[in-house]
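Chains as they are written, first to last, in the working numbering: chain A, 430 to 1186; chain B, 430 to 1186.
Check each hint, because a few of them may be wrong.
In this list, chains with the same sequence are indistinguishable; a pair is considered to hold if it fits within one copy or across any two.
[To be verified] Below are the DSS-like pairs computed for lysine-lysine, each with C-alpha atoms no more than 30 Å apart in a straight line:
{"hint": "1", "residue 1": "K997", "residue 2": "K676"}
{"hint": "2", "residue 1": "K1127", "residue 2": "K996"}
{"hint": "3", "residue 1": "K1127", "residue 2": "K973"}
{"hint": "4", "residue 1": "K1017", "residue 2": "K996"}
{"hint": "5", "residue 1": "K586", "residue 2": "K996"}
{"hint": "6", "residue 1": "K827", "residue 2": "K1064"}
{"hint": "7", "residue 1": "K1017", "residue 2": "K1069"}
{"hint": "8", "residue 1": "K827", "residue 2": "K735"}
{"hint": "9", "residue 1": "K973", "residue 2": "K857"}
{"hint": "10", "residue 1": "K857", "residue 2": "K501"}
{"hint": "11", "residue 1": "K1107", "residue 2": "K735"}
{"hint": "12", "residue 1": "K849", "residue 2": "K730"}
{"hint": "13", "residue 1": "K500", "residue 2": "K849"}
{"hint": "14", "residue 1": "K445", "residue 2": "K1107"}
{"hint": "15", "residue 1": "K857", "residue 2": "K872"}
{"hint": "16", "residue 1": "K586", "residue 2": "K997"}
{"hint": "17", "residue 1": "K676", "residue 2": "K445"}
{"hint": "18", "residue 1": "K431", "residue 2": "K1166"}
Don't read these hints as lab results, they were simulated from the structure.
Number of protein chains: 2
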Amino acid sequence: MKQIGRTVPRLEARAKVTGRAEYVHNLRVPGMLTGKIFRSTVAHGRIRSIDTNAARAQDGVFAVITGDDIKKFIPDPYYGPAFHDQPILALEKVRYVGEAVAVVLADDPHIAERAVQAISADYEDLPPVFDEVEAAQPKSAIVHDVLRPAGTFADLKHLAGRRNTNVALDYQLRHGDTARGFDESDHVLEHVFKTQQVMHTPLEPIVALAEPGDGTLTIHSSCQTPSFVRMEIARLLGWPENKVTVKVPFLGGGFGAKVYVKLEALVSALALMVRRPVKIALTMEEQFYTITKHATTFRIKSGVSKNGRIVARECEVWWNGGAYADIGPRVAQKSGFTAAGPYDIDNVRIDSYEVYTNRPPAGALRGFGVPQLVWAYESHTDLLARAIGMDPLAFRRKNILADGRPQATGTIMEDAAIGKVLDRLAEKMNWDAPFDRGKNRLKRGRGLGLGFKASISPTTSGAIVNVSADGSVVLYINTIDMGQGSDTAMAQIAAEVLDIAAEAVKVVHGDTDVAPYDMGTLGSRSTFHMGNAVKLAAEDARAKLAALAADVGLPEGTNYSVSEIFKKRYGMQAGNVIGAGSYVPSYKPTDAKTGQSTNVTPFWMIGAAGAEVEVDTETGHVRVMRLVNVADCGKALNPKVARTQLSGAAIMQLGFTLYENMELDGGQVTNASFADYKIPGFRDIPIMEAELVTAAQKSGPFGAKGLGESGTFGVSPAIANAIHDAVGIRITELPIKAENVLRALRAAEGRPIGDEE
Amino acid sequence: MKQIGRTVPRLEARAKVTGRAEYVHNLRVPGMLTGKIFRSTVAHGRIRSIDTNAARAQDGVFAVITGDDIKKFIPDPYYGPAFHDQPILALEKVRYVGEAVAVVLADDPHIAERAVQAISADYEDLPPVFDEVEAAQPKSAIVHDVLRPAGTFADLKHLAGRRNTNVALDYQLRHGDTARGFDESDHVLEHVFKTQQVMHTPLEPIVALAEPGDGTLTIHSSCQTPSFVRMEIARLLGWPENKVTVKVPFLGGGFGAKVYVKLEALVSALALMVRRPVKIALTMEEQFYTITKHATTFRIKSGVSKNGRIVARECEVWWNGGAYADIGPRVAQKSGFTAAGPYDIDNVRIDSYEVYTNRPPAGALRGFGVPQLVWAYESHTDLLARAIGMDPLAFRRKNILADGRPQATGTIMEDAAIGKVLDRLAEKMNWDAPFDRGKNRLKRGRGLGLGFKASISPTTSGAIVNVSADGSVVLYINTIDMGQGSDTAMAQIAAEVLDIAAEAVKVVHGDTDVAPYDMGTLGSRSTFHMGNAVKLAAEDARAKLAALAADVGLPEGTNYSVSEIFKKRYGMQAGNVIGAGSYVPSYKPTDAKTGQSTNVTPFWMIGAAGAEVEVDTETGHVRVMRLVNVADCGKALNPKVARTQLSGAAIMQLGFTLYENMELDGGQVTNASFADYKIPGFRDIPIMEAELVTAAQKSGPFGAKGLGESGTFGVSPAIANAIHDAVGIRITELPIKAENVLRALRAAEGRPIGDEE
């Protein structure tokens, strides 16, 4: 293979470094109004009144729009991928501090911003609830009066019409008999782990611009899911899909913040109401109020035999979904079924609850819930190994799920190189060699973390390949290049099939009027799903070229160029060939009795991390010295890009492990800026190693599989396990701040910090 | 059929009347420079020097670019569809008054315009030649030192490298033996007919905007042939085609003025040289210097038997191509082979010469040369009928080419309803009824004209049909809707196949990055070629939907909606289906011996006109009282649009018959504005009737064929024949001005006007 496995420089690199790459933030269109949002100051309240008179009176203000105005235009203005629970602007109630309540439209964004300050709202306070476990209790304050599943997913239908509950999904998985398993175990351990609410921090905040046409609407958006947005906006408006166009240029990062509808419903409604193009661009602060990652509480209980086999495991996970469900119920379910980890356990019981609270909404964030789970089960797994006095690597090796064995859902494992990944990690970590334990106040330790993840299923991707008469190629896809290099990878696939250089392929991405349907650029699904679609489309084009060639007297085996075929066909350079491909993996529908599919994923992502840390026992400061990430990539289409993905994901998770935390005070985020919310800087990055394990994914394009999230899996528990290894304390809550480490150290020494005061 | 044959209101009508329809003239992009052109003031001259200093020194002028500057950037800056003879800006020589010599670029068009006035050029005068017959003589002044055919067309290759000639094509057709035919004839008549140079007058003048990207270029253009422009610009730049994108919104008329490269090479070169977007929009005046319709001289000689059969015909046609060939050689050839008319003549000899002169270039204009030919052969045919004392209708009926008979090229006639068209015209004209001959000074007469035309062949069109999960449809084509209603017709075809309403189809047209290759929107080829491609694409989508339906347990015959198929397939509304279609008609390549294909066209266009006129014998003024147009449309996809096309073409030809004429003085067009160049106004329009003859074109989509030019064919000779019928004089030169009629009347009376003075 000439194109696959080659580190092709990114096709868009030049455009980015020369500033030519297009972003929606730079887009202005004639007659465009800018919207600025007035947001709720209370966490839970009934709207008594909104006073927009002073704002309307300001010079240069075109309009001020509230939820009631929207409702006159769209009678049922609720949207969401899983639940139709989120109003375009708050209606009747506000459910979190920062919720969008009104919008000022003006030609000048500064005028709009100033007018927002002149709006006031009066709320009747309602009791709020912030904690996911508390919110799941029967007596909790209730965020939504009634549950409204979207009807998109069959397994949410049973929730329709439920009242007096914040539980937006109560996913259950039962495999074997955990009660009997615990009875048969030699040791039974139970722990509770927690993670914090964090934010995606794409450096390009969310932005959207809607342009009304003649019975049509064009939306330019920073969006990972153009096909979904088109469908959802068409649904809200009651229009056929073909009247709505969604265009997406490059994104400055997405990480799940830009999936499904974010600002698109709002700008669409506004643009159609005022008959002018409308653009809204969030500030970084506003992004904290828009979409976040679930805080979680995970109670995990395992029984092990003295020879080191995990006999039974119970998992109870509460996902703090915030005020609107977004895709949270799917996080609770799709990640929930892997809560017991990549281990071969006969008896598994999982309960996974998506819970509404009065926090900013939580949705998908790189890993789709899996990093929260791995944090818990891999911290717990280390404690199990310690409990029976076994090396944590050996303990994991003994329990890992091998190909051919059933995962807890009943899905038979296939092409999941769990053992190989673990072996490679051990090798890179020199696990069997002596390790410098540090000296004086600086103690060193090392730890591992291993995780796996299913791909979202069943989903579909389509692609078109257009071969011009000179043999040059344009590829049309709705996979969005948001920094992960998808344009380049897809060009490599098309080029390999067509036997041309990847650099010669032009990729047109992100236009629902142009490229076929794609479920979305999310969940590490694109390399596999879109990769297969591109391969099929290129093969279709190749077959059509071959047929054309044979037709004009250039039989197979002849040495001819593409332009010769067309010249022979048309007597001149003319014509082209269109190849189309559409891919959907096989999927077994949910079993009516168990409520579970036994073919949950088209491929498994496997990622492991190894960390070497140094703990300052006098300050609690943890320095990660070395961070090794290993993942099963199937076959790396572009090794450098693949390794960058792995390291990028690990650095992101490093931030969630050590620094990032949305601090809330009465529901108000108190650190919604990069001045106060620390993400890893260059000086925080340890020595990083990114290792790809090649283990062909037979169903993948040229053996490839998704990789964009695998680097997040093991990082947090590897660091916590390394800290435990260094200083004997166990941290159970993220982020691992120096203060918490010091408190734990001092508590372990019998002199808790609080006692001194 | 529910969609075909229905007068669907035009899909774009609302957008046009509400001002939302997009035109390139309205397009501005950030950083855009506007170019204004400095033009030659001499008809033929060697460039000694161009002084741009004063222009460059003006405030706000960004750059002044000459042909030499272009040549540094593009070493061989010559373009053209048939010959690579036209420099992007004049090089070494200028060849006509109005040729583009230099361009001023500025942010503000007014600054650019003012700076153009400050440019001066010094030329060494060369002898010019303006007349097509004179220019074809051996001793003529020579416009191009050497002929440079593009290599696109095999039958132009023999001209490569020829020197000392202005003949850019010397097409010959020999069928039977005309010398013997004349010997066997009872009467032999010979006449010479002439037509004038005219202009297309699209109300939207030609405009183009080029935006440089990162190794890519996007051209927004008022263009009928986006695929060709992409190919030609890529060739000039030495780039692969996929790096060039050509986008075309709606056009405000085209009529052949906007085929092939017009401003696109210029704006592309400028934009890449100055690294800024560059737009150039012609004024109406400048359009007269850009592309026109061939003036012609046609010597026609026929032999007839006394019983009314045409035994032999010789045609010698000189086409005044102006300074650059554009598509002129194809006009000379593709129309040339029909110069003997739609008659069954055993002995035919045609010589057709495309001739360079020092006039503004001539190219394609609605009818592609055929109206000039019909003008001559139908005037001549009337004179033949008169010579043998036969009714002109009866004479034509006796000689028309019937299906199954060979046309002069050897092509066997098929689906050409010549007889039916003539019959319908006779019926509409009430030919056999008594006719009011007028009274006093106002004399009335009536006349007929009948023509036929081949479609350009072989050419190809491609289409893509995208069916969304809700069943709504987007159709992607590079056929340009320039007023002829192609979007609507193509939507009807797709809708008929997919069993939905045409109004539910969204048409995306004019984007080479999006829609497949299409040869161009010209020569009335789109209904047939693109129509077939759209039908194939829709059938492909329909077959894929049926396969998908069967796959999910909805076998054929079941009553299901499209959205049900997708919901069953994906468990939710998701996915889509892509259908692709590509059409090329069968074609017999040119025979090496005769230099002629014997399968010259995929379908024949047949058009006839009948005119009733009133001549004021004291002033020579001709009033057309009634104009009946009849055409073979195969099957009318949209009857109202088809009839509008027929009448529109007839009105255009009415202007060329009675009013329009580019007046030249030493090569300078002296009436290059609508103040001086009269086109028909509302008050000039006679009673018009447009009659469609349905006569299935078996190879056409649902039996349809092209119709956009058929209304031009018979108008001019019908009027001249009617004048002859009214007052007994024969006009042999267009336009038929009152002055010329009066001169002819007075000459016939034996008191020529000149003698009075």
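Hints versus structure:
1. Taking identical chains as interchangeable, the C-alpha atoms of K997 and K676 lie at most 30 Å apart only when they sit on different chains, with a minimum of 28 Å there against 38 Å within one chain.
2. Proximity of K1127 to K996 under the C-alpha cut-off of 30 Å is restricted to the inter-copy arrangement: shortest distance 28 Å between copies versus 39 Å within a copy.
3. Proximity of K1127 and K973 under a CA criterion of 30 Å is satisfied in both settings, with 26 Å inside one chain copy and 26 Å between copies.
4. In this homomeric assembly, K1017 and K996 come within 30 Å of each other (Cα to Cα) only across copies, at 15 Å, whereas the closest approach inside a single copy is 48 Å.
5. Only between protomers do K586 and K996 lie at most 30 Å apart by alpha-carbon distance; the minimum there is 15 Å, versus 57 Å within a single protomer.
6. Taking the closest pair of Cα atoms, K827 and K1064 come within 30 Å of each other only inside a single copy of the chain (26 Å); across copies the shortest separation is 76 Å, beyond that limit.
7. When the C-alpha separation of K1017 and K1069 is checked against a cutoff of 30 Å, the pair qualifies neither within a copy, at 35 Å, nor between copies, at 53 Å.
8. Proximity of K827 to K735 under the C-alpha cut-off of 30 Å is restricted to the intra-copy arrangement: shortest distance 12 Å within a copy versus 109 Å between copies.
9. For the identical chains of this complex, K973 and K857 are neighbours neither inside a copy (47 Å) nor across copies (50 Å), given an alpha-carbon limit of 30 Å.
10. In this homomeric assembly, K857 and K501 never come within 30 Å of each other (Cα to Cα): the closest approach is 62 Å inside a single copy and 57 Å across copies.
11. Taking the shortest alpha-carbon separations for K1107 and K735, neither the intra-copy value of 43 Å nor the inter-copy value of 103 Å comes in at or below 30 Å.
12. Taking CA atoms no more than 30 Å apart as the test, K849 paired with K730 passes inside one copy only; the shortest distance there is 27 Å, against 90 Å between copies.
13. Within a single copy, K500 and K849 get their C-alpha atoms no closer than 56 Å, and across copies no closer than 61 Å, so neither meets the 30 Å cut-off.
14. For the homomeric pair K445 and K1107, the shortest alpha-carbon distance inside one copy (26 Å) is at most 30 Å, but the shortest distance between copies (53 Å) is not.
15. For the identical chains of this complex, K857 and K872 are intra-copy neighbours only, at 21 Å inside a copy versus 105 Å across copies, given an alpha-carbon limit of 30 Å.
16. Taking CA atoms no more than 30 Å apart as the test, K586 paired with K997 passes between copies only; the shortest distance there is 16 Å, against 58 Å inside one copy.
17. Proximity of K676 to K445 under the C-alpha cut-off of 30 Å is found in both arrangements, the shortest distances being 19 Å within a copy and 23 Å between copies.
18. For the identical chains of this complex, K431 and K1166 are neighbours neither inside a copy (48 Å) nor across copies (71 Å), given an alpha-carbon limit of 30 Å.
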